[in-house]
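Going line by line, the protein sequences match chains G and Z. Throughout the first sequence, residue numbering follows the working numbering, covering 139 to 359 in sequence. Throughout the second sequence, residue numbering follows the working numbering, covering 721 to 1067 in sequence.
Calculated from the structure, these hints are not laboratory results. Keep in mind it's a predicted model, so treat the numbers as computed, not measured. A few of these clues could be false.
To be verified - Quick partial rundown of chain G residues pointing at chain Z, CB under 7 Å, derived from the structure:
#1 F189
#2 A192
#3 V196
#4 A199
#5 G200
#6 V204
#7 V207
#8 F208
#9 A211
#10 T268
#11 P269
#12 I272
Stated by the list, open to error - Sample of chain G residues lacking proximity to chain Z, with all beta carbon distances greater than 12 Å (derived):
#13 A160
#14 V197
#15 L228
#16 F235
#17 V238
#18 G267
#19 L292
C-beta atoms are modelled at their ideal positions from N, C-alpha and C, and glycine is treated no differently.
One-letter residues, chain by chain:
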Amino acid sequence: MAEVVFIFASIGVIAGAIGTIALRNPFYSVLALVSHLLALAALFLLLRAEFLAAAQVVVYAGAVMVLYVFVVAYIGGDKAALAAPAGGRLKVISALFATVLLVELCIAMVGSGLTVLGTQGTGFFPAFGTPEEIGRLLLTKFLLAFEVTSMLLLIAAVGAVVLARRRAGLEVPGHLSVGELVRGEFDHVNLPGRPGAELDKGTASGARLETQAENAGLPRG
Amino acid sequence: MNEVVLNMPLALVGYYEPWWVQILKAVIIFAVGLQLVPMVLIVERKLLGRFQHRVGPNRVGPFGMLQPIADILKLLTKEDFRPRTSVGFIFALAPIISMVTAIAAWAIIPFSNTQDIFGTEVGFYGVDPSVGVLYAFAFGAIAFYGLMLGGWASGSKYSFLGAMRAAAQLISYEVSQGLALVGVIMMAGTLSLTEVVEAQQAEGWYVFPQIVGFIIFVIAGFAETNRAPFDLPEADAELVGGYSTEYGGGRFASFFFAEYLNVLVISGLTVTMFLGGWDIPFWDEPGWIHPFVVLFKISLFVFFFIWVRATLPRLRYDQLMSFGWKILLPLATVNALVTAILVVVID
Chain G
139 MAEVVFIFAS IGVIAGAIGT IALRNPFYSV LALVSHLLAL AALFLLLRAE
189 FLAAAQVVVY AGAVMVLYVF VVAYIGGDKA ALAAPAGGRL KVISALFATV
239 LLVELCIAMV GSGLTVLGTQ GTGFFPAFGT PEEIGRLLLT KFLLAFEVTS
289 MLLLIAAVGA VVLARRRAGL EVPGHLSVGE LVRGEFDHVN LPGRPGAELD
339 KGTASGARLE TQAENAGLPR G
Chain Z
721 MNEVVLNMPL ALVGYYEPWW VQILKAVIIF AVGLQLVPMV LIVERKLLGR
771 FQHRVGPNRV GPFGMLQPIA DILKLLTKED FRPRTSVGFI FALAPIISMV
821 TAIAAWAIIP FSNTQDIFGT EVGFYGVDPS VGVLYAFAFG AIAFYGLMLG
871 GWASGSKYSF LGAMRAAAQL ISYEVSQGLA LVGVIMMAGT LSLTEVVEAQ
921 QAEGWYVFPQ IVGFIIFVIA GFAETNRAPF DLPEADAELV GGYSTEYGGG
971 RFASFFFAEY LNVLVISGLT VTMFLGGWDI PFWDEPGWIH PFVVLFKISL
1021 FVFFFIWVRA TLPRLRYDQL MSFGWKILLP LATVNALVTA ILVVVID
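Model the full structure from these sequences, guided by the hints.
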């Protein structure tokens, strides 16, 4: 049973990964990545990491990839080609990076992972991979790493907002308080580029739908 | 620290039932879910009729009771039509994703704890994973692809816009829904749904201490299942039929079926997490009555869903978004925080 699941999940993982980089249509690429992540979750299940598998599906397939699908479906369309094939220099650099990554992974596997290879499989304790155990580890042994990561994510989120405003040609307003942000009172800061601004100002819903559909590239076929 | 157990086969981890019980159980749970959907359909049409001061379906069978059977037969015998602009493979795949994820999520609803049936211990639930309610959220996350791919692959702008709305709505309200349950999980100290119900048998139903979480969960549940007043993905006045506009026949029936099964799943989760599951207060009830108690509570909730649909008008899209992000999400976060502090202080 476990072997059958492993074979199918592995085929799914590898096929998904190849599909992600090989498919020409960005929408199918994203779908291949989704199937890759789902197959990866199945592999986590085989390793008795139930929480990790569920988190993988909820966070990656459910949240991150949803945004990818969203963006690609809106602006990618199936007619938009990906970037031109890479030139000579780019190919050399990418091959170099791939080799470095391969060597690095080999070192990691030989260094630690080889102990799990074998017909018996690795040993584990009953609570392994349960939410309780992961929570306990995150709040004791890996507390610092956990907090630093959350800080990094917060900085990245704030940074993304600031960069998006700058690119839209907006000065970063120094006088927008959190209270105003929560109450949605950003009219005095004048944000035409705010996501959804055109939705708020749309007059008739019909006209709004037309523009959305045209942005989505649907009627241009 | 922990004793290392070597090489346990996968089948032995977390399962103690013989294989034939698992298969039988899967068939029964699936069949019950499958039978409930047409019943919800006829109840909804009848009740909507009453709410709107008319009779509702009354031609097929006694009191129109066979109407859903007629509807389903009609849909299934129709031609499987698809538009020329659609993407065939994904167009066919999308309703299957919706259906499979809805049924998989239904498997988690516990109808009772383990019961002794003719000497065999049987758990009255499909699965009881250690990740508990995250399992339901995982399948909810995959269910998104059913709507999204269906709308995208139809090659029609109404379908596409419906799918986009559905996607935005799902990811907006999923966060609040998850956070609303965090309070319950912290109070029960477990993710497993059967243990949550057992904790409620000991401490009382969580709907009272977690009333804020309950309200948030139910509101987000309406949005997650695309029900009125959050049925913008299929707002027929604006979008014809939303993501399922181009679908007909059996494929449309699948979407329709998945939507109603999702209503049942959300009702079941609410009953389990907040309304004590199979528990009847102040009575040490016998085990066989548990599934009926759960089904009764679920049907009360389904009635509530229909009542709301008959009562409330549809929200505007920007109202939906600002309500989800600016009111529901902060409220859910504060609820989780306050619960966390109280749990630590009281213990």
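Comparing the hints with the structure gives:
The beta carbon of G/F189 is positioned within 7 Å of a beta carbon in chain Z (closest approach about 5 Å), and the interface hint is therefore held. With a cut of 7 Å, the hint placing G/A192 at the interface with chain Z holds, because the nearest CB-to-CB distance is about 4 Å. At its closest, the beta carbon of G/V196 sits 5 Å from a beta carbon of chain Z; the interface hint therefore holds under the 7 Å criterion. At its closest, the beta carbon of G/A199 sits 6 Å from a beta carbon of chain Z; the interface hint therefore holds under the 7 Å criterion.
Checking G/G200 against chain Z by beta carbon gives a least distance of about 3 Å; that is within 7 Å, so the hint holds. Evaluation of the G/V204 hint against chain Z yields a held restraint, the C-beta minimum of about 5 Å falling below 7 Å. Interface hint status for G/V207: upheld, as the beta-carbon distance to the closest one in chain Z is roughly 6 Å, under 7 Å. For G/F208, the shortest C-beta to C-beta distance to chain Z is roughly 6 Å, which falls under 7 Å, so the interface hint holds.
Because the smallest distance between the Cβ of G/A211 and any Cβ of chain Z comes to about 5 Å, under 7 Å, the interface hint for this residue holds. Proximity of G/T268 to chain Z holds as hinted, the smallest CB-CB distance being about 5 Å (cut-off 7 Å). Hint status for G/P269 relative to chain Z: holds, with the closest Cβ pair at about 6 Å, below 7 Å. At about 10 Å, the closest approach between the beta carbon of G/I272 and any beta carbon in chain Z exceeds 7 Å, and the interface hint on this residue is violated.
Every CB of chain Z is more than 12 Å from the CB of G/A160 (nearest about 17 Å), matching its label as outside the interface. The Cβ of G/V197 sits about 9 Å from the closest Cβ of chain Z, inside the 12 Å cut-off, so the non-interface label is violated. No Cβ of chain Z approaches the Cβ of G/L228 within 12 Å, the least distance being about 31 Å, so the stated non-interface status holds. The beta carbon of G/F235 sits about 31 Å from the closest Cβ of chain Z, which is more than 12 Å, so the claim that it is off the interface holds.
With a cut of 12 Å on Cβ distances, G/V238 stays outside the contact zone with chain Z, its closest approach being about 34 Å. Residue-level check failed: G/G267 sits 8 Å from the nearest beta carbon of chain Z, not beyond 12 Å. With 12 Å as the threshold on Cβ separation, the claim that G/L292 sits away from chain Z holds: the shortest Cβ distance comes to roughly 14 Å.
Hints 12, 14 and 18 from the list above are not met by this structure, while the remaining hints are.
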